[in-house]
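*Asks:* Single-letter residue listing:
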Amino acid sequence: MADLEAPQSKTRDLDKLLLRAGNLVGPDFYPGAELRDDIRDYVRILVVGAGGLGCELLKDLALSGFRNLDVIDMDRIEVTNLNRQFLFRQILLLEDVGKPKAEVAAKRVMERVSGVEIVPHFSRIEDKELDFYNDFNIIALGLDSIEARRYINGVACGFLEYDEDDTPRRETIKPMVDGGTEGFKGHARVIVPGVTPCFECTIWLFPPQVKFPLCTLAETPRNAAHCIEYAHLIKWHEVHGGKSFDPDEPEHMKWVYDEAIKRAELFGIPGVTYSLTQGVVKNIIPAIASTNAIISAACALETLKIVSGCSKTLANYLTYNGGEGLHTKVTEFVRDQDCLVCGPGILIELDTSITLQKFIDMLEEHPKLLLSKASVKHGKDSLYMQAPPVLEEMHRPNLSKPLYDLMGRVQKDTVHVFGTGLKNEEKHSSLTKLRVVFKGADGVTDMDTAIGA
Amino acid sequence: MPPMKKEEATMSEPKTKYDRQLRIWGELGQAALEEASICLLHCGPTGSEALKNLVLGGVGSFTVVDGSKVELGDLGNNFMVDERSVGQSKAKSVCAFLQELNDSVKATFIEENPDTLITTNASFFSQFTLVIATQLVEDSMVKLDRICREANVMLVFARSYGLSGFLRVSEHTVIDSKPDHFLDDLRLNNPWPELKSFVETIDLNVSDPVAHKHIPYVVILVKMADEWAQDLVKSKMISMDEDNYKEAIEAAFKVFAPRGISSEIQQICNDTCAELSSNSSDFWVMVAALKEFISNEGDGEAPLEGSIPDMTSSTEHYINLQKIYQAKAEADFLVMEKRVKNILKKIGRDPSSISKPAIKSFCKNVRKLKVCRYRMVEDEFSNPSVTEIQKCLADEDYSGAMGFYVLLRAVDRFAANYNKFPGQFDGGMDEDISRLKTTALSLLTDLVCNGSVLPDDLINEMCRFGASELHVVAAFIGGITSQEVIKLVTKQFVPMLGTYIFNGIDHKSQLLTL
Numbered sequence: 001m002a003d004l005e006a007p008q009s010k011t012r013d014l015d016k017l018l019l020r021a022g023n024l025v026g027p028d029f030y031p032g033a034e035l036r037d038d039i040r041d042y043v044r045i046l047v048v049g050a051g052g053l054g055c056e057l058l059k060d061l062a063l064s065g066f067r068n069l070d071v072i073d074m075d076r077i078e079v080t081n082l083n084r085q086f087l088f089r090q091i092l093l094l095e096d097v098g099k100p101k102a103e104v105a106a107k108r109v110m111e112r113v114s115g116v117e118i119v120p121h122f123s124r125i126e127d128k129e130l131d132f133y134n135d136f137n138i139i140a141l142g143l144d145s146i147e148a149r150r151y152i153n154g155v156a157c158g159f160l161e162y163d164e165d166d167t168p169r170r171e172t173i174k175p176m177v178d179g180g181t182e183g184f185k186g187h188a189r190v191i192v193p194g195v196t197p198c199f200e201c202t203i204w205l206f207p208p209q210v211k212f213p214l215c216t217l218a219e220t221p222r223n224a225a226h227c228i229e230y231a232h233l234i235k236w237h238e239v240h241g242g243k244s245f246d247p248d249e250p251e252h253m254k255w256v257y258d259e260a261i262k263r264a265e266l267f268g269i270p271g272v273t274y275s276l277t278q279g280v281v282k283n284i285i286p287a288i289a290s291t292n293a294i295i296s297a298a299c300a301l302e303t304l305k306i307v308s309g310c311s312k313t314l315a316n317y318l319t320y321n322g323g324e325g326l327h328t329k330v331t332e333f334v335r336d337q338d339c340l341v342c343g344p345g346i347l348i349e350l351d352t353s354i355t356l357q358k359f360i361d362m363l364e365e366h367p368k369l370l371l372s373k374a375s376v377k378h379g380k381d382s383l384y385m386q387a388p389p390v391l392e393e394m395h396r397p398n399l400s401k402p403l404y405d406l407m408g409r410v411q412k413d414t415v416h417v418f419g420t421g422l423k424n425e426e427k428h429s430s431l432t433k434l435r436v437v438f439k440g441a442d443g444v445t446d447m448d449t450a451i452g453a
Numbered sequence: 001m002p003p004m005k006k007e008e009a010t011m012s013e014p015k016t017k018y019d020r021q022l023r024i025w026g027e028l029g030q031a032a033l034e035e036a037s038i039c040l041l042h043c044g045p046t047g048s049e050a051l052k053n054l055v056l057g058g059v060g061s062f063t064v065v066d067g068s069k070v071e072l073g074d075l076g077n078n079f080m081v082d083e084r085s086v087g088q089s090k091a092k093s094v095c096a097f098l099q100e101l102n103d104s105v106k107a108t109f110i111e112e113n114p115d116t117l118i119t120t121n122a123s124f125f126s127q128f129t130l131v132i133a134t135q136l137v138e139d140s141m142v143k144l145d146r147i148c149r150e151a152n153v154m155l156v157f158a159r160s161y162g163l164s165g166f167l168r169v170s171e172h173t174v175i176d177s178k179p180d181h182f183l184d185d186l187r188l189n190n191p192w193p194e195l196k197s198f199v200e201t202i203d204l205n206v207s208d209p210v211a212h213k214h215i216p217y218v219v220i221l222v223k224m225a226d227e228w229a230q231d232l233v234k235s236k237m238i239s240m241d242e243d244n245y246k247e248a249i250e251a252a253f254k255v256f257a258p259r260g261i262s263s264e265i266q267q268i269c270n271d272t273c274a275e276l277s278s279n280s281s282d283f284w285v286m287v288a289a290l291k292e293f294i295s296n297e298g299d300g301e302a303p304l305e306g307s308i309p310d311m312t313s314s315t316e317h318y319i320n321l322q323k324i325y326q327a328k329a330e331a332d333f334l335v336m337e338k339r340v341k342n343i344l345k346k347i348g349r350d351p352s353s354i355s356k357p358a359i360k361s362f363c364k365n366v367r368k369l370k371v372c373r374y375r376m377v378e379d380e381f382s383n384p385s386v387t388e389i390q391k392c393l394a395d396e397d398y399s400g401a402m403g404f405y406v407l408l409r410a411v412d413r414f415a416a417n418y419n420k421f422p423g424q425f426d427g428g429m430d431e432d433i434s435r436l437k438t439t440a441l442s443l444l445t446d447l448v449c450n451g452s453v454l455p456d457d458l459i460n461e462m463c464r465f466g467a468s469e470l471h472v473v474a475a476f477i478g479g480i481t482s483q484e485v486i487k488l489v490t491k492q493f494v495p496m497l498g499t500y501i502f503n504g505i506d507h508k509s510q511l512l513t514l
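So the sequences go chain by chain: V and B.
If you count the first sequence from 1, position 25 lands on 25 in full-length UniProt numbering, and the numbers rise without skipping.
If you count the second sequence from 1, position 58 lands on 58 in full-length UniProt numbering, and the numbers rise without skipping.
If you're looking for bench data, these hints aren't it; they were derived computationally from the structure.
Any given hint could be a false lead.
Unchecked claim - Selected chain V positions facing chain B (Cβ under 10 Å, derived; list incomplete):
#1 E56
#2 L61
#3 L82
#4 K107
#5 E111
#6 E200
#7 T202
#8 P221
#9 I295
#10 Y320
#11 F333
#12 P388
Stated by the list, open to error - Pairs of lysine to any residue residues, derived as SDA-like cross-links and limited to a Cα-Cα distance of at most 25 Å, are as follows:
#13 K213/B <-> K254/V
#14 K262/V <-> Q326/B
#15 K329/V <-> S399/B
#16 K185/V <-> Q30/B
#17 K10/V <-> K437/B
#18 K508/B <-> K10/V
#19 K312/V <-> L511/B
#20 K437/B <-> K262/V
#21 K282/V <-> I306/V
Glycine included, every Cβ here is placed at the ideal spot set by N, Cα and C.
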């Protein structure tokens, strides 16, 4: 009955997916031991975050045939992490609290799964060179903030290049898998820059944060949270002047709590507790092990599928809600063609002799843009600003220079223009991404769409 | 003036670890978790991952039941075994790892095949709060379901099979369902005397502009409801002796918002379980009291919930309003408490056996009560809803999940016939595929679903899976399993109702009601 001759494979279960042909698989699926071994030996995955999602992701990926992982996290382990970040311990002689998450997480997974190599990076994501991110096949995100997600999204989409007919160049696509959780809810999504919507394309999915009106805090508080925010946002500055409030400083937190109690007493409002104070001030998101496990598993599964093609991939956003019954839903969101981050930008072909002034004039005529009073930015450099007067004067000399020179004599690059556009006969401010290609620089031939001198 | 009693400005050491989850289910929920004892059957990755999440959350104790030894292949899918444990008891290995995660949890293991235990030692299960049964075949599931229902032990079935998965939960009643969106219990169209008198003390036409804009909307609407009704209807009256209009004026408030109790709660009150006997559960005793309350003191309404949402208002008006709602809720609670005690006496139980906090929680959450009924697994398996199966197989979003449901049962039949799962071993794949197809079709025929077709691609996939237990799928299934267990044990939030089928191909997983 059992295959007694063949020695058992360590990847007994994974082999069934990777070594066997199937029908409901990805477009480039070549099953076989070579696929499994290539994944093990060559594929590199970056896990961003070593917290609730990160710990689970590292375990899941290590047990899905990946051997080369990196993990980056700038935080240290805290006691409140221990109810879900299972790689960290506070038991007997093992005191992880205070140590860098990335380092401990990497160490623990390597101890349990032999053969896996995890390189930890105890640093901020912004402190890494862009090239660092380019070394990975997939970036798996286990983050807890919109800003961090936006940053990585910007980096990954920044690698994306398009060819002349607006098709993304395959070798420049850097897929991301992103997960997020809050209490019993969570989401997992697949981002393939240039193909699926990027994080920026669907930024409207995230609701604005709750903020209390100032007059409520100052004049008519009604509940405990109002008293706390009064102490945190108003009273603190009154008493401490320029000193900034540090939520991780117990002394600061206690001060806010004491003041909140005083205010609550004054108005006869019940309910101010130390726990609530922390929750309101730090905007603490309740978190449990199970939701993190679920979402990370979904993300890791998608990572395996994208890399191997062993099954169809999630298209492209999964929402999960376990508070009221059990609900999972898949939504296929569509890219924003004009996305400033993952879009190609409108193509503009120019002669190398065109001056910046002429370029700005052209933008007004361009049928897709009709942009008047444009300011122009090239990467971090402002080439010309319409306002304020001081900066306008400073950049004015650029107007008579060739745009080609101002852009460092590269054959093509991205610029951003900002001005007053006309859409549906209505004027509005707009920021637009443009792809500028210079002809005559490398013998680039004339095209009908070119705007020449 | 003496200062208000201040809470300890730090949390006690052991509790800090659980801070992030206490914010979800509170001290009561945590206490319930810490009193629970869980039995896990089979500690492959599915069961181990489920238990891991519970151990991290502080479950009281667990017992792992598994008779197998750790094989080399287990190193590729189970985080809780390592190279040193190859050849040793898997239960022992998993137990040791889990103990490391949380030293306040009591961990034990039994090296025994769960199927044997189910067949020969049914009474074993009575000692547990809940049993998590993973990777069981149909036959064992049916037996265990019977045993647990008899012993009143909660039961959750979970299974990972390639890129598919299965989750099913036992019957349950919920008090604190914590829905995301719920209408406040304001009774704007049916204010009780104290609320009415408070509203009357406030003049909407006050001249001071600041005071004018700090009158809470509850007060505005209670006043308007009355005024609108009067003026609008009056304007249609032709003469003073039109009784129908007089009646209309009096009944006008009925137009505005639903009064009384919802049909869901009505159903619960009329449930057969509300007819009490001496071994009725606390939940049903309180439902009986609720029924009495509604027909008497409540005058068609349930006990008042007692809280009001935030609204623009002067602090004074708001606090006063808050106190009025709290007072009524307290008064309603006291009536309910009395009735509960009387009922307990009547059925021969100690009148103080249901605690004050339990009754309070019930009163607060009356409008959100839920009864989740589950068919016996045996019934579902022998008599599933044919229309549901056919409908789902024909629907683009449901066909994958329903297909897996049928195939999961088909592979168990296959295994019973051929002593292995289809595709479990390399070689003979074509034969297995055709045998599985035949088995699946005959299963559908037995279920009276003739004419329904399973896509060939899905049958092929099922054989390809070869009864594998992939870590990522196990982690997902284990995750949702642990979440259901938490809801069942804490009796908060709403457990899933139905049979959940995980579809890892396109993630179009579905909850099937069969």
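*Asks:* Work down the list of hints and note, for each, if the structure agrees.
*Replies:* Structure-based check of all given hints:
no. : hint              : result
1   : E56               : holds (7 Å)
2   : L61               : holds (9 Å)
3   : L82               : holds (5 Å)
4   : K107              : violated (14 Å)
5   : E111              : holds (8 Å)
6   : E200              : violated (23 Å)
7   : T202              : violated (17 Å)
8   : P221              : holds (6 Å)
9   : I295              : holds (8 Å)
10  : Y320              : holds (9 Å)
11  : F333              : violated (14 Å)
12  : P388              : violated (39 Å)
13  : K213/B <-> K254/V : violated (35 Å)
14  : K262/V <-> Q326/B : holds (23 Å)
15  : K329/V <-> S399/B : holds (15 Å)
16  : K185/V <-> Q30/B  : holds (19 Å)
17  : K10/V <-> K437/B  : violated (30 Å)
18  : K508/B <-> K10/V  : violated (30 Å)
19  : K312/V <-> L511/B : holds (21 Å)
20  : K437/B <-> K262/V : violated (73 Å)
21  : K282/V <-> I306/V : violated (36 Å)
Checked against the numbered hints listed earlier, the structure breaks hints 4, 6, 7, 11, 12, 13, 17, 18, 20, 21; every other hint is satisfied.
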